[in-house]
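Let the sequences and hints guide you as you build the complete structure.
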Amino acid sequence: MMDQAVGLAAVSVLGVLEQAYFSLQVIYARRKYSVSPPTTAGPPEFERVFRAQANCSEYFPIFITVLWTAGVFFSEGLSSVCGLLYLYGRFRYFRGYSQSAQGRLAPLYFSAQILWVLIGFSSLGVLLSFCRVYLNVDLLQVVGSA
Amino acid sequence: MMDQAVGLAAVSVLGVLEQAYFSLQVIYARRKYSVSPPTTAGPPEFERVFRAQANCSEYFPIFITVLWTAGVFFSEGLSSVCGLLYLYGRFRYFRGYSQSAQGRLAPLYFSAQILWVLIGFSSLGVLLSFCRVYLNVDLLQVVGSA
Amino acid sequence: MMDQAVGLAAVSVLGVLEQAYFSLQVIYARRKYSVSPPTTAGPPEFERVFRAQANCSEYFPIFITVLWTAGVFFSEGLSSVCGLLYLYGRFRYFRGYSQSAQGRLAPLYFSAQILWVLIGFSSLGVLLSFCRVYLNVDLLQVVGSA
Ligand SMILES: N[C@@H](CCC(=O)N[C@@H](CS)C(=O)NCC(=O)O)C(=O)O
Ligand SMILES: N[C@@H](CCC(=O)N[C@@H](CS)C(=O)NCC(=O)O)C(=O)O
Ligand SMILES: N[C@@H](CCC(=O)N[C@@H](CS)C(=O)NCC(=O)O)C(=O)O
Numbered sequence: 001m002m003d004q005a006v007g008l009a010a011v012s013v014l015g016v017l018e019q020a021y022f023s024l025q026v027i028y029a030r031r032k033y034s035v036s037p038p039t040t041a042g043p044p045e046f047e048r049v050f051r052a053q054a055n056c057s058e059y060f061p062i063f064i065t066v067l068w069t070a071g072v073f074f075s076e077g078l079s080s081v082c083g084l085l086y087l088y089g090r091f092r093y094f095r096g097y098s099q100s101a102q103g104r105l106a107p108l109y110f111s112a113q114i115l116w117v118l119i120g121f122s123s124l125g126v127l128l129s130f131c132r133v134y135l136n137v138d139l140l141q142v143v144g145s146a
Numbered sequence: 001m002m003d004q005a006v007g008l009a010a011v012s013v014l015g016v017l018e019q020a021y022f023s024l025q026v027i028y029a030r031r032k033y034s035v036s037p038p039t040t041a042g043p044p045e046f047e048r049v050f051r052a053q054a055n056c057s058e059y060f061p062i063f064i065t066v067l068w069t070a071g072v073f074f075s076e077g078l079s080s081v082c083g084l085l086y087l088y089g090r091f092r093y094f095r096g097y098s099q100s101a102q103g104r105l106a107p108l109y110f111s112a113q114i115l116w117v118l119i120g121f122s123s124l125g126v127l128l129s130f131c132r133v134y135l136n137v138d139l140l141q142v143v144g145s146a
Numbered sequence: 001m002m003d004q005a006v007g008l009a010a011v012s013v014l015g016v017l018e019q020a021y022f023s024l025q026v027i028y029a030r031r032k033y034s035v036s037p038p039t040t041a042g043p044p045e046f047e048r049v050f051r052a053q054a055n056c057s058e059y060f061p062i063f064i065t066v067l068w069t070a071g072v073f074f075s076e077g078l079s080s081v082c083g084l085l086y087l088y089g090r091f092r093y094f095r096g097y098s099q100s101a102q103g104r105l106a107p108l109y110f111s112a113q114i115l116w117v118l119i120g121f122s123s124l125g126v127l128l129s130f131c132r133v134y135l136n137v138d139l140l141q142v143v144g145s146a
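Residue numbers (the working numbering), protein chains in the order written: chain C, 1 to 146; chain E, 1 to 146; chain S, 1 to 146.
Think of the hints as simulated: they come from the structure by calculation, not from any bench.
Note that the Cβ used here is the ideal one computed from N, Cα and C, for glycine as well.
Heads up, a few of these hints could be off.
Pair by pair, the computed Cβ-Cβ distance ranges are [what the hints assert, rightly or not]: (1) C:Tyr109 with S:Gln141: 46 to 54 angstroms; (2) C:Tyr21 with E:Tyr33: 31 to 39 angstroms; (3) C:Tyr21 with S:Tyr88: 37 to 45 angstroms; (4) C:Tyr21 with E:Ala41: 36 to 44 angstroms; (5) S:Ser36 with C:Ala106: 36 to 44 angstroms; (6) E:Ala41 with C:Gln113: 25 to 33 angstroms; (7) C:Leu135 with S:Val137: 16 to 24 angstroms; (8) E:Asp138 with C:Ala106: 20 to 28 angstroms.
Now the structure itself:
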């Protein structure tokens with residue numbers, strides 16, 4: 001089973017590297033704007049970087065969950081491609097938000113859309129597996145022969 | 001192996017949908033109370049919604065981890081049922097916390113209890129597998145024949 | 001496949017227990033310093049405990065992701081050992097940060113290093129699997145016979 005998951009694992013590791021990069025940016029911003037922990041408030045320039053990383057961290061487990069359910073139960077290839085697009089969207093989100101609050105919006109909509117696609121793939125994959133395993137019905141075949 | 005995990009995957013996707021719903025509620029609350037990012041401070045009504053989502057996000061990866069370890073190493077059925085109960089508890093937590101700080105307590109205790117049950121299942125499942133794989137001892141049989 | 005993952009599952013459950021312990025410490029600190037939700041600001045003693053738990057929560061999904069990719073695609077034994085070291089580092093981080101902001105630094109560097117090792121293992125494991133599955137090349141053998 002794991003041979004079919006190399007793509008998902010690769011995207012996951014890339015996602016981890018991205019999160020590490022975001023964390024390092026917060027550490028640099030803390031130094032630049034002299035905002036020492038445990039403080040999280042500071043000039044808007046700092047707060048945008050801080051919130052950008054916080055927001056990406058918040059969505060990271062959600063992303064990993066749908067990446068893998070979509071990849072395992074629907075299609076590894078499609079999920080991996082969506083995963084790469086999501087990570088690219090998050091990179092632009094972080095960059096945009098760091099520059100201005102407005103700048104976060106376009107990439108946010110983009111990555112939210114990709115997330116909805118992955119949720120759709122996951123739901124479909126789970127539904128198909130469910131019918132196959134518990135109802136012994138191959139939905140794709142039923143639809144195909146209709 | 002993945003055929004036995006459809007239930008876990010279904011609960012995971014439901015959990016993702018719930019988190020998406022919570023995020024949308026924060027976005028609506030930001031509009032309603034005019035709290036523009038990167039600010040996170042505002043009237044208590046806003047802060048409760050904001051913190052409710054933050055708290056649920058914080059526990060989401062913990063939940064996914066024990067849902068799957070309990071489901072794979074102990075029992076898929078029991079874990080899925082606990083998973084549904086947990087998500088229901090979190091929904092009531094979010095609703096309760098949005099209304100008053102006091103309102104978060106009862107559902108918090110409920111979902112914490114479910115989490116402990118899942119932690120118990122995981123620990124037991126891991127222990128049983130450990131004895132079987134590394135010590136070549138089937139604990140259930142040992143206990144059964146005692 | 002799951003028989004080879006008992007070690008990873010055990011470390012994951014231990015990680016969940018650690019996060020539960022951190023959460024309980026925040027709840028005790030909230031009582032001790034009278035910081036009622038949804039407030040998160042308070043005396044520095046409280047804010048350090050609060051941030052220590054928030055920081056560990058932020059890194060938890062990253063940790064779980066690399067623990068499992070490194071364990072499945074590279075080596076279960078090495079990953080599990082690194083996982084235990086990471087959890088120990090995080091425990092000292094929480095303790096250190098609770099006492100002083102300075103006290104978080106040494107354990108932070110330690111756990112960050114372990115995380116990089118796990119990222120390295122994951123990347124290597126994914127690369128090897130990728131070459132084997134998609135290019136039909138066994139890199140280890142190629143390197144060995146060179
Ligand atoms: N959210 C973190 C991201 C970066 C990070 O992990 N920073 C380390 C070194 S400054 C830390 O210990 N942060 C303290 C904290 O998160 O409260 C932050 O705000 O600093
Ligand atoms: N924690 C987020 C939850 C909702 C969300 O993802 N909001 C988007 C659109 S307003 C965002 O970019 N939030 C900025 C932030 O989290 O700092 C928030 O506080 O806003
Ligand atoms: N991050 C949490 C960790 C502990 C926790 O889960 N606390 C419960 C009981 S006090 C809660 O509902 N916290 C409210 C919140 O996180 O805003 C906190 O700040 O309190």
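Structure-based check of all given hints:
no.: 1; hint: C:Tyr109 with S:Gln141: 46 to 54 angstroms; result: holds, 47 angstroms
no.: 2; hint: C:Tyr21 with E:Tyr33: 31 to 39 angstroms; result: holds, 33 angstroms
no.: 3; hint: C:Tyr21 with S:Tyr88: 37 to 45 angstroms; result: violated, 26 angstroms
no.: 4; hint: C:Tyr21 with E:Ala41: 36 to 44 angstroms; result: violated, 28 angstroms
no.: 5; hint: S:Ser36 with C:Ala106: 36 to 44 angstroms; result: holds, 38 angstroms
no.: 6; hint: E:Ala41 with C:Gln113: 25 to 33 angstroms; result: holds, 30 angstroms
no.: 7; hint: C:Leu135 with S:Val137: 16 to 24 angstroms; result: violated, 42 angstroms
no.: 8; hint: E:Asp138 with C:Ala106: 20 to 28 angstroms; result: violated, 57 angstroms
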